[in-house]
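Quick note, the sequences are listed as chains A and B, same order.
Under our numbering, think of the first position of the first sequence as 1, with each following residue one higher.
Under our numbering, think of the first position of the second sequence as 1, with each following residue one higher.
If you are wondering where the hints come from, they were derived from the structure by calculation, not from laboratory data.
Note that CB positions come from ideal geometry on N, CA and C, so glycine has one too.
One or more of the hints may lead you astray.
What the hints assert, rightly or not - Heads up, incomplete: computed chain B residues facing chain A, CB under 10 Å, no partners named: (1) Thr-30; (2) Phe-34; (3) Gln-38; (4) His-43; (5) Ala-92; (6) Lys-101; (7) Thr-109.
To be verified - Here are a few chain A residues that sit away from chain B, every Cβ distance over 10 Å (derived from the structure): (8) Val-19; (9) Ser-27; (10) Gly-28; (11) Pro-61; (12) Asp-63; (13) Phe-65; (14) Glu-71; (15) Ala-88.
To be verified - Now the stretches of chain B that chain A is said to cover, found in silico as 3 or more residues with beta-carbon under 8 Å: (16) 44 to 57; (17) 102 to 108.
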Amino acid sequence: GAGVSQTPSNKVTEKGKYVELRCDPISGHTALYWYRQSLGQGPEFLIYFQGTGAADDSGLPNDRFFAVRPEGSVSTLKIQRTERGDSAVYLCASSQGRAGELFFGEGSRLTVL
Amino acid sequence: AQSVSQHNHHVILSEAASLELGCNYSYGGTVNLFWYVQYPGQHLQLLLKYFSGDPLVKGIKGFEAEFIKSKFSFNLRKPSVQWSDTAEYFCAVRLSGNTGKLIFGQGTTLQVKP
Numbered sequence: 001g002a003g004v005s006q007t008p009s010n011k012v013t014e015k016g017k018y019v020e021l022r023c024d025p026i027s028g029h030t031a032l033y034w035y036r037q038s039l040g041q042g043p044e045f046l047i048y049f050q051g052t053g054a055a056d057d058s059g060l061p062n063d064r065f066f067a068v069r070p071e072g073s074v075s076t077l078k079i080q081r082t083e084r085g086d087s088a089v090y091l092c093a094s095s096q097g098r099a100g101e102l103f104f105g106e107g108s109r110l111t112v113l
Numbered sequence: 001a002q003s004v005s006q007h008n009h010h011v012i013l014s015e016a017a018s019l020e021l022g023c024n025y026s027y028g029g030t031v032n033l034f035w036y037v038q039y040p041g042q043h044l045q046l047l048l049k050y051f052s053g054d055p056l057v058k059g060i061k062g063f064e065a066e067f068i069k070s071k072f073s074f075n076l077r078k079p080s081v082q083w084s085d086t087a088e089y090f091c092a093v094r095l096s097g098n099t100g101k102l103i104f105g106q107g108t109t110l111q112v113k114p
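Work out the full structure, taking the sequences as your base and the hints as a guide.
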């Protein structure tokens, strides 16, 4: 597609459940980023992939959060044992290498009840 | 830790007024600087960026920003705002030699009254 695609656009789940959020980056973009944005805040960095490997996962808040990018294209952010505090918009971005402009998707809004 | 501060959280202007949004960062090394905009219901879009060279950069839709290294600032300006500029504006910094991640400020909500 022309832009970064994220699914689902909205996800409502119950506390304790497992959630997967998917990101399909712009074709050919080697770098992929996950951010989290809470209401009234700027995007907060979670993890960065260069190709298939996580080059920087310093923003993942704890071990309930995990992300993969097995073929260097689509990425999945996985959240185990969700908590109400995980409610936020999860943004994905991609770029041509780590020095390029970041292109963002529309985000996946996660609500944990 | 590196941080980005946007001092104006909510700005209300009338059409044709001039705009300046402040952005300061805390990092002593080489940086790349960005302003992103998020219109209601849309995704983040790049307004402009500074990597090197002329510290006055021009972006889309008549926006410009000036990098002042001595002040660690990268303020966004527009001489005359329009109602369609109503949006949330985010300043972001990328540290040179870093993984490429951007560090964002908390954002400024701009409301332009027609």
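Compare the structure with the hints numbered earlier in the document and write down the numbers of the violated ones, lowest to highest.
-> 1
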